[in-house]
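Enquirer: This is what each chain is made of:
Protein chains: 2
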Amino acid sequence: MKYSPININEKFSKFDAQWQPKVISEMNDYQFKIVRIKGEFVWHDHPDTDEVFIVIEGTLDLEFRKGKVTLNTGEMYVVPKGAEHRPVALEECKMMLVEPKGVVNTGNAKSNLTAENDVWV
Amino acid sequence: MKYSPININEKFSKFDAQWQPKVISEMNDYQFKIVRIKGEFVWHDHPDTDEVFIVIEGTLDLEFRKGKVTLNTGEMYVVPKGAEHRPVALEECKMMLVEPKGVVNTGNAKSNLTAENDVWV
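Residue numbers (the working numbering), protein chains in the order written: chain A, 1 to 121; chain B, 1 to 121.
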């Protein structure tokens, strides 16, 4: 056992790339990932799981086919399993995702934004 | 579907009691709970699951039988399944827990600090 904390901002300081989720910890078969985003992502869904978004710094719009949620620093949202969504950030937003190990960022939509999975920082 | 964010600090403003975890969201069969703590908790473990601690504000010591981790604001730690631990906070600490639905705060150790489970705020 390693007796040291995981500092979320210190982990963010280790990379600059956007739309590239990095795993910072695992709990059972779930992972906590951090990611920098700016711009519009692709519409996609995750047919097998809910997905948690927590904004660490910035503003995130989660667009849905029939609505929108805006998250600011310190706010979170659970995207339900199977709900089509599109993350959008006008300025760079730092956020944390919580989801089962193996979930790919673009879900059912392959795109040039599909990131390598299970990359740790 | 409800298109509104969950604001973690706003949820904290709704209660003052310490050692009483409140559920703020659910993802699949997992829950996100917030709790105010001050003082020493009881030694316990959760034989069936890891448990995530995220410090929202303050300082948390997680004591183990063979070590200790100190978490400050913005830091997290995953307590492994079955690891005996004792949370301690000299001053009030606001933290978030992530764990499967149904996990009781005192795990295998019944005590007067055992809180009612699955209480939402």
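To be clear, the hints were calculated from the coordinates, so they are not data collected in a lab.
Treat the hints with caution; some may be incorrect.
The list treats identical chains as interchangeable, and a pair is accepted whether it falls inside one copy or across any two copies.
[To be verified] In silico lysine to any residue, SDA-like type, Cα no more than 20 angstroms apart, as pairs:
id, residue 1, residue 2
1, 2, 82
2, 81, 25
3, 101, 44
4, 14, 44
5, 68, 15
6, 94, 57
7, 68, 100
8, 81, 16
9, 68, 104
10, 14, 64
11, 68, 23
12, 2, 74
13, 94, 73
Enquirer: Hint by hint, note whether the structure agrees.
Expert: Tested hints:
{"no.": "1", "hint": "2 to 82", "result": "between (37 angstroms within a copy, 15 angstroms between copies)"}
{"no.": "2", "hint": "81 to 25", "result": "between (22 angstroms within a copy, 14 angstroms between copies)"}
{"no.": "3", "hint": "101 to 44", "result": "within (18 angstroms within a copy, 27 angstroms between copies)"}
{"no.": "4", "hint": "14 to 44", "result": "neither (28 angstroms within a copy, 35 angstroms between copies)"}
{"no.": "5", "hint": "68 to 15", "result": "neither (29 angstroms within a copy, 29 angstroms between copies)"}
{"no.": "6", "hint": "94 to 57", "result": "both (5 angstroms within a copy, 19 angstroms between copies)"}
{"no.": "7", "hint": "68 to 100", "result": "neither (24 angstroms within a copy, 28 angstroms between copies)"}
{"no.": "8", "hint": "81 to 16", "result": "neither (29 angstroms within a copy, 33 angstroms between copies)"}
{"no.": "9", "hint": "68 to 104", "result": "neither (22 angstroms within a copy, 34 angstroms between copies)"}
{"no.": "10", "hint": "14 to 64", "result": "neither (31 angstroms within a copy, 29 angstroms between copies)"}
{"no.": "11", "hint": "68 to 23", "result": "neither (27 angstroms within a copy, 23 angstroms between copies)"}
{"no.": "12", "hint": "2 to 74", "result": "between (28 angstroms within a copy, 18 angstroms between copies)"}
{"no.": "13", "hint": "94 to 73", "result": "both (9 angstroms within a copy, 16 angstroms between copies)"}
When held up to the earlier numbered hints, the structure conflicts with 4, 5, 7, 8, 9, 10 and 11 and fits the remainder.
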